[in-house]
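*Asks:* From first to last, the protein sequence lines stand for chains Y and H. Residue 30 in the working numbering sits at position 30 of the first sequence, with consecutive numbering throughout. Convert by adding 1000 to the 1-based position in the second sequence; the result is the number in the working numbering.
A few of these clues could be false.
Think about it this way: if two alpha-carbon atoms lie no more than 35 Å apart in a straight line, the pair counts; the simulated DSBU-like pairs of lysine-lysine are [stated by the list, open to error]: (1) H:Lys1301 to H:Lys1102; (2) H:Lys1098 to Y:Lys85; (3) Y:Lys85 to Y:Lys186; (4) Y:Lys85 to H:Lys1102; (5) H:Lys1301 to Y:Lys85; (6) H:Lys1301 to H:Lys1098.
Which stretches of chain H does chain Y cover? Using the computed rule of at least three CB atoms under 8 Å from a CB of chain Y, they are [to be verified]: (7) 1177–1191; (8) 1197–1206.
Stretch-level coverage of chain Y by chain H, calculated; a stretch enters the list once three of its residues show a Cβ under 8 Å from a Cβ in chain H [claimed, not checked]: (9) 83–91; (10) 110–123; (11) 163–171.
Derived by calculation from the structure, the hints in this document are not laboratory data. Beta carbons are placed, not taken as given, at the ideal position from N, Cα and C, and that holds for glycine.
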Amino acid sequence: MSLAVEELAVRFGGVAALADVSFEVEPGRITSMIGPNGAGKTTAFNVITGFLRPIRGRVLYEGEPLTGLRPFQVAERGIVRTFQKTNVFPLITVFDNVMIGLHLRERAGLLAILLGHRRVREEEATLASLADEILAFVGLSHRRNEAASALPYGEQRLLELAIALAAQPRLLLLDEPASGMNPAEKTTVMGLIRRIREQGVTILLVEHDMRLVMGISDQVIVLHHGRVIARGTPSEIQGDPQVIRAYLGGR
Amino acid sequence: MRRIRLGVLGLLLVTAPAWVWNPYYVHILIMAGIFAILALSLNLLLGYTGQLSLGHAAFFGIGAYTSALLALRLHWPAWAGFMAAIVLAGIAGYGVGKVSLKLRGAYFVLVTISFAGVIYLVSVNWMELTNGPLGLPGVPPLEITILGLVDLSFRSKASYYYVVLTVASAAYLICHRLVHSRIGRAFVALRENEALAESVGINGTRYLVLAAVVSAAMAGAAGSLYAHYTRFVSPEVFLFSYTVTMVIMVVAGGKGTLAGPVVGAVLFTALPEALREATSWQWQMLLYGIFLILTVFFLPKGMVPTLETWLRERRASP
Chain Y
1 MSLAVEELAV RFGGVAALAD VSFEVEPGRI TSMIGPNGAG KTTAFNVITG
51 FLRPIRGRVL YEGEPLTGLR PFQVAERGIV RTFQKTNVFP LITVFDNVMI
101 GLHLRERAGL LAILLGHRRV REEEATLASL ADEILAFVGL SHRRNEAASA
151 LPYGEQRLLE LAIALAAQPR LLLLDEPASG MNPAEKTTVM GLIRRIREQG
201 VTILLVEHDM RLVMGISDQV IVLHHGRVIA RGTPSEIQGD PQVIRAYLGG
251 R
Chain H
1001 MRRIRLGVLG LLLVTAPAWV WNPYYVHILI MAGIFAILAL SLNLLLGYTG
1051 QLSLGHAAFF GIGAYTSALL ALRLHWPAWA GFMAAIVLAG IAGYGVGKVS
1101 LKLRGAYFVL VTISFAGVIY LVSVNWMELT NGPLGLPGVP PLEITILGLV
1151 DLSFRSKASY YYVVLTVASA AYLICHRLVH SRIGRAFVAL RENEALAESV
1201 GINGTRYLVL AAVVSAAMAG AAGSLYAHYT RFVSPEVFLF SYTVTMVIMV
1251 VAGGKGTLAG PVVGAVLFTA LPEALREATS WQWQMLLYGI FLILTVFFLP
1301 KGMVPTLETW LRERRASP
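Kindly generate the complete structure, drawing on both the sequences and the hints.
*Replies:* Written as structure tokens, this is what we have:
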């Protein structure tokens, strides 16, 4: 098992954002988490990646507990996320954004940097070509030297994906990667997510676009009011009466 | 082209004492150099990590007092005092950073202000050590003995100019290398978007504390140079006005650029002196203020970034 979430509970004041959530993510597959707004999807992401402490329960990654680690420590273990709201480094170039994402692959120490060691320059050159490869992968090479904030919305979302990929994830958590995109951009993102999975990266996806979710997921988890109400393959979920009720209301 | 420009600039700086005939102007150049080191050090924090230190004069003062006290009380050679000033200011930066940078932002501003205030009070009241408000006169000039054979004395203004030029160049080089490395990128990442920076594995607190240590150590070096140059240290080195001057230099020159703080330092060291010659004292601070307001109003990003944008646009549309 890649990621295991066990009996997670989070409260904001009197509201139970997550009541008792357990699920598993299988390695090398695309797992999607769906549910109406406020179901607790982003809260689950925040707990897994160390941005939020649960009041109960724990998260295991390859058998090791993640609960209690800080976000950068979670990233060091190969778990990288994107954010629901667009999140880039706005005032610097697209290329520099990706270079920051490469942080964990860099080895140069303070002394070597201050002394201007040759190895540091070589590492810089290697990383720069790596950053260009990643930009080409998401299709942003033509924007390389523009400020991230100058990009149209859809491309900023692609840049977020590029930054996350630069951090070399083994488990990638994508929080609504296609929200606000037009249909053509959504198709591009779907293709990218598939290609990332083919490279052996496990993916946990939160997404509202059902066509996208049902199109690429191997497994779907449905959250409602902070609880898991269903899990299964896309076709199983589509026929689940409880899920239909959660989305359409009624009893 | 770039190399030629750098070469010309280097030649001008190296030959300056030869064609700057007036020792008063050499004095201004020396002070500009010391302030350039301070502005570069503040810029590492303010310009790159986005954290504002409003107590930067404390690190400058710690450097100055360390050098002065080690020379006067323990008769350490000046170069050893210089090294000690850097180390001690760096340790102070580590302490302040460790206490406040977990919370960052406004807390860092407050802790740095308080730290400078406390250090100032200590320097005024600890008579036995610091001689209180009377200060420490008679700090020996910078003299270096190489292998017990060659004695180098930096008593003259021209020779001290070269010492300051060397240290300022080293400070610039350190900033340049840091900024263009993974460390500098981590600084900028934390300034631009801390949550995203952490999510790609950047340890925020660690890098901010590192920035505070390097910044404080550089300010300490400037303090040591100042002590051996003016040969006198008093609690005034901790004054808030020093910090304000540094912030003005960084912001007006262009924070988050390498050349900005240096340009700011030279300009805002020379400007009060020029105004003093040109007008009476009533007009001096008024004109200084007006100049500052105009700069911030018309060049909100600072001089260097505005110039860079202008040059780029001119090249793009000939």
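*Asks:* Taking the numbered hints from earlier one at a time, note which ones the structure violates and give those numbers from smallest to largest.
*Replies:* Of the numbered hints given earlier, the structure breaks none, since each of them holds.
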